[in-house]
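S.K.: Given chain S's structure and the hints, the job is docking chain F onto it.
Just so you know, the sequences run in chain order S and F. For the first sequence, the numbering used here begins at 473 and goes up steadily by one. For the second sequence, the numbering used here begins at 6 and goes up steadily by one.
Keep in mind that the hints were calculated from the coordinates and are not lab data. Heads up, none of these hints are tricks.
Covered stretches of chain F, going by a simulated chain S footprint (3 or more residues, C-beta under 8 Å):
#1 30 to 41
#2 45 to 52
#3 62 to 75
Bear in mind the structure is a predicted one, so any value in this text is a computation, not a measurement. Built from N, CA and C at the ideal position, the CB exists for glycine as well.
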Amino acid sequence: MSPRVLLLLFLRRWHTRIGLAAVVFFLFLAVTGVVLNHAAELGLDNRHVYASWLARWYGISAERPRHAFRSGGHDLIAANGRWVLDGRLSGEKFPPPIGLVELADMVVVASSTSLYLYGKDGVLIDRLERNALPGVPVQAIGAGASQLILRTASGTFESSDALSWKRAPRDAIAWSSPADLSAAEGERYAQMLEPGVSVQRVLLDVHSGRFAGRYGPLVVDLLAVFLSVLSLSGAWLFFKRKHRRERH
Amino acid sequence: MIRAARSPLAVLALALALVAPAARSEVYQEPAAFITEVFGLLPAPKVLWLTKDLQAQAAAILGHPPAQLRQRYWSDARRSVWILEETGKEELITAGFVVADGRIDHVRVLVYRESRGQEVRQSSFLKQFKNAKLAPGDRLDRDIDGIVGATLSVGAMERMARLALLFDRISHG
Numbered sequence: 473m474s475p476r477v478l479l480l481l482f483l484r485r486w487h488t489r490i491g492l493a494a495v496v497f498f499l500f501l502a503v504t505g506v507v508l509n510h511a512a513e514l515g516l517d518n519r520h521v522y523a524s525w526l527a528r529w530y531g532i533s534a535e536r537p538r539h540a541f542r543s544g545g546h547d548l549i550a551a552n553g554r555w556v557l558d559g560r561l562s563g564e565k566f567p568p569p570i571g572l573v574e575l576a577d578m579v580v581v582a583s584s585t586s587l588y589l590y591g592k593d594g595v596l597i598d599r600l601e602r603n604a605l606p607g608v609p610v611q612a613i614g615a616g617a618s619q620l621i622l623r624t625a626s627g628t629f630e631s632s633d634a635l636s637w638k639r640a641p642r643d644a645i646a647w648s649s650p651a652d653l654s655a656a657e658g659e660r661y662a663q664m665l666e667p668g669v670s671v672q673r674v675l676l677d678v679h680s681g682r683f684a685g686r687y688g689p690l691v692v693d694l695l696a697v698f699l700s701v702l703s704l705s706g707a708w709l710f711f712k713r714k715h716r717r718e719r720h
Numbered sequence: 006m007i008r009a010a011r012s013p014l015a016v017l018a019l020a021l022a023l024v025a026p027a028a029r030s031e032v033y034q035e036p037a038a039f040i041t042e043v044f045g046l047l048p049a050p051k052v053l054w055l056t057k058d059l060q061a062q063a064a065a066i067l068g069h070p071p072a073q074l075r076q077r078y079w080s081d082a083r084r085s086v087w088i089l090e091e092t093g094k095e096e097l098i099t100a101g102f103v104v105a106d107g108r109i110d111h112v113r114v115l116v117y118r119e120s121r122g123q124e125v126r127q128s129s130f131l132k133q134f135k136n137a138k139l140a141p142g143d144r145l146d147r148d149i150d151g152i153v154g155a156t157l158s159v160g161a162m163e164r165m166a167r168l169a170l171l172f173d174r175i176s177h178g
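Bound-form chain S, shown alone (with noise of 0.2 Å):
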């Protein structure tokens, strides 16, 4: 037998044998590239995976839930940027509240830069930035006489519909503040509020192999020189026979 012969048999025998072993991973690769492709109108980026032993595999440890905000009939509780206002869960990367208080028709919900505003059925209904306050940062806030009273670095101001504020009275403001968590609440809401990780980015790290730590680009890698070996063997094979046809 030739050698020309023998080589044509071999590259033959190794072109199956590394297609039929890099299949499943080609496939899994070709999946994740496209889904990946399509992530925004697949709304990938705003979906996250809650699982504690997802955040531990990324590094990101966990925030512990201690306090809740507390007035007349609501709760919040927050940790890892998420928030539980009376039971119900927020999105992400809400800033950490520094108090919470009932008024007579919404509950309004403070951080040092912002105010959420949300009816009593839990909708928001409007999220105050830093150029809608009278000032930043909020250090409190509290009721008065059915106003919503916060007290900022300039000054203690009051308003009834968080729209249009006046310097207040600093008498009988009953002031929101923290009150701790039983240990039982505190498991409870750890579990409500684990860490997320956006589904796009596992998705990307699994394509990349990053997922699988230090080696796992190095996989991927491999079956990239796969694929260029299958490509390039599979290429020569087809002109040979074609070659070969043409002589005969």
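M.R.: Quick look at chain F alone, frame taken from chain S:
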């Protein structure tokens, strides 16, 4: 194994944070300054409550329910100013829209938080909205040319423009 993998991931995350363009807020103009520029002073805000019908109309434009039920705006006899926020790819874009006589007078990107796509703040892009009005179906009466690499931010700007025009129409009763 987990411990071994965690460390490289943390290093990788740090490296990416250092190398990749960071997703940070670019405040081009404070909203209050934009409103003051339009009216010459900062008027008291007015409020548009999003009724069920209006929520449905806004949701049809945005492709998701509106984030809040109370929309603040500022207006005089002829013009209204709407400070709106919409997600581009992952982060909110804050833009100011001035509407006069049912048409967009001008638009400005006030805060941009995405790591790419800042081209939507350029006047060559924003001038496309000049004099745009709502066509049937709450669409703009014109096509807005996209920007390569900023498709989602362009989409967000277009949705906000439609929303500003809708809110302006509703606010006039």
